[in-house]
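K.L.:
Okay, here's what each chain looks like letter by letter:
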Amino acid sequence: DQQVKQNSPSLSVQEGRISILNCDYTNSMFDYFLWYKKYPAEGPTFLISISSIKDKNEDGRFTVFLNKSAKHLSLHIVPSQPGDSAVYFCAAIRGSTLGRLYFGRGTQLTVWP
Amino acid sequence: DGGITQSPKYLFRKEGQNVTLSCEQNLNHDAMYWYRQDPGQGLRLIYYSQIVNDFQKGDIAEGYSVSREKKESFPLTVTSAQKNPTAFYLCASSIAGSTGAKNIQYFGAGTRLSVL
Numbered sequence: 001d002q003q004v005k006q007n008s009p010s011l012s013v014q015e016g017r018i019s020i021l022n023c024d025y026t027n028s029m030f031d032y033f034l035w036y037k038k039y040p041a042e043g044p045t046f047l048i049s050i051s052s053i054k055d056k057n058e059d060g061r062f063t064v065f066l067n068k069s070a071k072h073l074s075l076h077i078v079p080s081q082p083g084d085s086a087v088y089f090c091a092a093i094r095g096s097t098l099g100r101l102y103f104g105r106g107t108q109l110t111v112w113p
Numbered sequence: 001d002g003g004i005t006q007s008p009k010y011l012f013r014k015e016g017q018n019v020t021l022s023c024e025q026n027l028n029h030d031a032m033y034w035y036r037q038d039p040g041q042g043l044r045l046i047y048y049s050q051i052v053n054d055f056q057k058g059d060i061a062e063g064y065s066v067s068r069e070k071k072e073s074f075p076l077t078v079t080s081a082q083k084n085p086t087a088f089y090l091c092a093s094s095i096a097g098s099t100g101a102k103n104i105q106y107f108g109a110g111t112r113l114s115v116l
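Note that the protein sequences, when read in sequence, are chains A and B. Residues 1 to 113 (the numbering used here) are what the first sequence spells out, left to right. Residues 1 to 116 (the numbering used here) are what the second sequence spells out, left to right.
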């Protein structure tokens, strides 16, 4: 049972434009959300996170938005750069499970010149 | 230079053979995790350990075994009972016992296991 869902397997965006990656979750007990970026044959690297008590967190070109009522979060990348081309994973934590992350299946972002 | 080291990078398993994937971390993290990645499947949790000498099964533990004798090390054995072991295996670690920002997991570079 997939508790974290990324329904778009791929996204293609022109360099300089905004990339919006979406993520939905089903478990209302999740209280912290993370985005990871992964290049082929490498481990995921942490990108940005947000607590359930917030609705927005920003770090440079990356902003994560959380809509708790809709159980939806999104990652905005502005402006997009070719080096952003990677697979992006959304992940969520339930406080009671002490750090066990639940991952979505990932979205392949391609940024073209 | 702190981090997580997985070895080998590539591993081949013969039918009926057990193989062990190594994961070492020098981040002084309490918790360690093993994930499996298959194409289009995302990351699925195999086993995790919050402290030394203790570990729990994840979602797909069948055919795998682990040990946690040292804080720095969390090896994963893929046994002959795992009928479809071909995948990319990722080890991660984090500070245990809290949620929020301290629960960011840091990943190794992975081991690709293939069956001969």
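Hint data in this document are derived by calculation from the structure and do not stem from the laboratory. Heads up, some of the hints might be wrong.
Pairs of lysine-lysine residues, derived as DSSO-like cross-links and limited to a Cα-Cα distance of at most 30 Å, are as follows [claimed, not checked]: (1) B/K57 with B/K70; (2) B/K71 with A/K71; (3) A/K56 with B/K83; (4) A/K71 with B/K70; (5) A/K56 with A/K71; (6) B/K57 with A/K37; (7) A/K56 with A/K37; (8) B/K70 with A/K56; (9) A/K5 with B/K70; (10) B/K83 with B/K57.
K.L.:
Next step is simple, just say for each hint if it's right about the structure.
P.N.:
Here's how the hints hold up against the structure:
no. : hint             : result
1   : B/K57 with B/K70 : 18 Å, holds
2   : B/K71 with A/K71 : 36 Å, violated
3   : A/K56 with B/K83 : 44 Å, violated
4   : A/K71 with B/K70 : 39 Å, violated
5   : A/K56 with A/K71 : 14 Å, holds
6   : B/K57 with A/K37 : 26 Å, holds
7   : A/K56 with A/K37 : 19 Å, holds
8   : B/K70 with A/K56 : 39 Å, violated
9   : A/K5 with B/K70  : 35 Å, violated
10  : B/K83 with B/K57 : 18 Å, holds
Hint check: violations occur at hints 2, 3, 4, 8 and 9; the rest are consistent with the structure.
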